[in-house]
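Protein chains: 2
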Amino acid sequence: MAEPRVTADMSMSLDGFIAGANARRGNPLGDGGERLHQWVYGLESWRERQGMSGGRANGDAEIVAEGFARLGAVVMGRRMFEEGEEPWGDEPPFHVSVFVLTHEMREPLVKKGGTTFVFVNDGIDNALKQARAAAGDKDVSIAGASTIQQFLQAGLLDELQIHLIPVLLGDGVRLFERVGDTELEITRVIESNGVVHLGFRVVKE
Amino acid sequence: MAEPRVTADMSMSLDGFIAGANARRGNPLGDGGERLHQWVYGLESWRERQGMSGGRANGDAEIVAEGFARLGAVVMGRRMFEEGEEPWGDEPPFHVSVFVLTHEMREPLVKKGGTTFVFVNDGIDNALKQARAAAGDKDVSIAGASTIQQFLQAGLLDELQIHLIPVLLGDGVRLFERVGDTELEITRVIESNGVVHLGFRVVKE
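So the sequences go chain by chain: A and B. Using this note's numbering, the first residue of the first sequence is number 1, and each one after it goes up by one. Using this note's numbering, the first residue of the second sequence is number 1, and each one after it goes up by one.
For the record, the hints were derived by calculation from the structure and aren't laboratory data. Wrong hints could be hidden among the right ones.
Put simply, identical chains are the same to the list, so a pair is met inside one copy or across any two.
Cut-off 25 Å, straight-line C-alpha distance, at most; resulting in silico cross-link-like pairs (DMTMM-like, lysine to aspartate or glutamate) [claimed, not checked]:
1. K204 <-> E191
2. K112 <-> E44
3. K204 <-> E34
4. K112 <-> E3
5. K129 <-> D31
6. K204 <-> D171
7. K204 <-> D31
8. K129 <-> E48
Please take these sequences and the hints and turn them into a complete structure.
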C-alpha cells in the first residue's frame, strides 16, 4: 500500500484559471468556468459519488474513481465551506471528515454518508495533523485554490493532479497565485477525451 | 503538404510563466527562468540551428526539428528584437525573414544565414500579410508573449504549442495575460524527459 499523501486535485484552464471572471457566491465557477468541469459530470464514478446512477465508464471515470478510493480526509477554507454547504445538501459528496479552516468556534457538523465538517481555528498545521489522523492510511486532499496555495507555500503538499482543459478563460481565479518557487516532477500524463490529466510530485529539499 | 499556419511555440511553467521575476534587458529569462529552456539547449536539432555540432538526438530533438522544418517566417515585437539583436550575432538562429512590429521607420537589416529583419510600422495585420507572403507554403511563427497575446485577441493564431515545464516560478511574465475567451482543441500530447509537449488548435467560430 502507498504511503498516505497530501494531495490536491484541480481542473484548470490552459491559462491557469480554476474559475472564470466574476466568481462569487451564487456563481462559484465564474463566467464560463463550467467548461472546466464538464468532463467530470457525465462520469459513472463521479455520479455514483453524488448518489446518482448511470454515466460513462471510461479512462476519465477510472481516474476519478482512483482519487475517491485514496481519499481519507479533506482540508478546505471557510469560503468554500460556506459556498458549498447548501448545494451539498444532507449527504455531501465527501464521505470522509472535512476540516474547515475558520476563525469561527463551532461544534462539528455531522452529515449523512460519512461526511463530518470539523472546524479548525488554529491554522493549517493543526488542521493537517487532525486530517492525517482521520485519514489513516489514505490521502488528505486539499481543496480550493487559496488553501492549496497556503499548503504549497508551507511545503506541505506532496502531490498535485491537474486536469488541464484546452480553453483560455482570460480572467478569473488563478490556481497558482503568490506561490513560491517550487520544483515538481511529472508522475504521469494521460490524455483522454479532450482533457490532459497531469500528475506531479512536489520535490522537497 | 499541410496548409501554412500561424503558430506560436513557447516553454511555460505550470503556473503560466514564460520568464521569471525581474525579467528585463540583461536578464531576459528573469530569475529562475532558465529552467524553462534547459530541455532544449542540449538537443542536436537546436544546437545545429545555432551553428553548433553534437547534442542529443531524441524525441524532444525531433519536436524541435519539426518546428524548424515548418518555419517560413517570424513575427515579433520591438522589445524582443532589441533584446535579441546583440546576442543573436551576425547569424541569428531564424534563417528566415523576421517581421518586427515597431513604430521606428527603418530599412530591412540583412544578416547571414538567411535572416532578414523587416520593420513593420502599420500593425499586426500587415505584418502577418508580409510574413505569409515570405513564408510561402511554410508556417508563420509568432514570437514573444505580448505579440502572441495580440494575435490571439485578434483571432489570427491557428495553432499553439506549449512545452509545459514542471515548475512553479511564482512570479514573472505570464504567457496568457489579457487574452479573451478562446476555445482550443488538443492535437497532441507527448511526454518526454520531464517536459510535456502540448499541441493545440485554436477553434474559430
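Since the copies are identical, ignore which copy is meant and state whether K129 and E48 lie within 25 Å (CA to CA) inside a copy, between copies, both or neither. neither (29 Å within a copy, 54 Å between copies)
Reference check for the pair K129 and D31, CA-CA at most 25 Å: within, between, both, or neither? Intra 36 Å, inter 35 Å, cutoff 25 Å: neither.
State whether the alpha carbon distance between K204 and D31 is at most 25 Å within one copy, between copies, both, or neither. between (36 Å within a copy, 20 Å between copies)
Homomeric proximity label, K204 with D171: Cα distance no greater than 25 Å: between (31 Å within a copy, 19 Å between copies)
Homo-oligomer pair classification [E44, K112; C-alpha up to 25 Å]: within (21 Å within a copy, 60 Å between copies)
Using 25 Å as the alpha-carbon threshold, which applies to K112 and E3: within, between, both, or neither? neither (28 Å within a copy, 58 Å between copies)
Pop the pair K204 and E34 into one bin, within, between, both or neither, using alpha-carbon distances up to 25 Å. Close across copies (20 Å), not inside one copy (34 Å); limit 25 Å.
What label fits K204 with E191 when the C-alpha limit is 25 Å: within, between, both, or neither? Between copies only: 22 Å across chains, 27 Å inside a chain, cut-off 25 Å.
When each numbered hint is compared with the structure, violations occur for hints 4, 5, 8.
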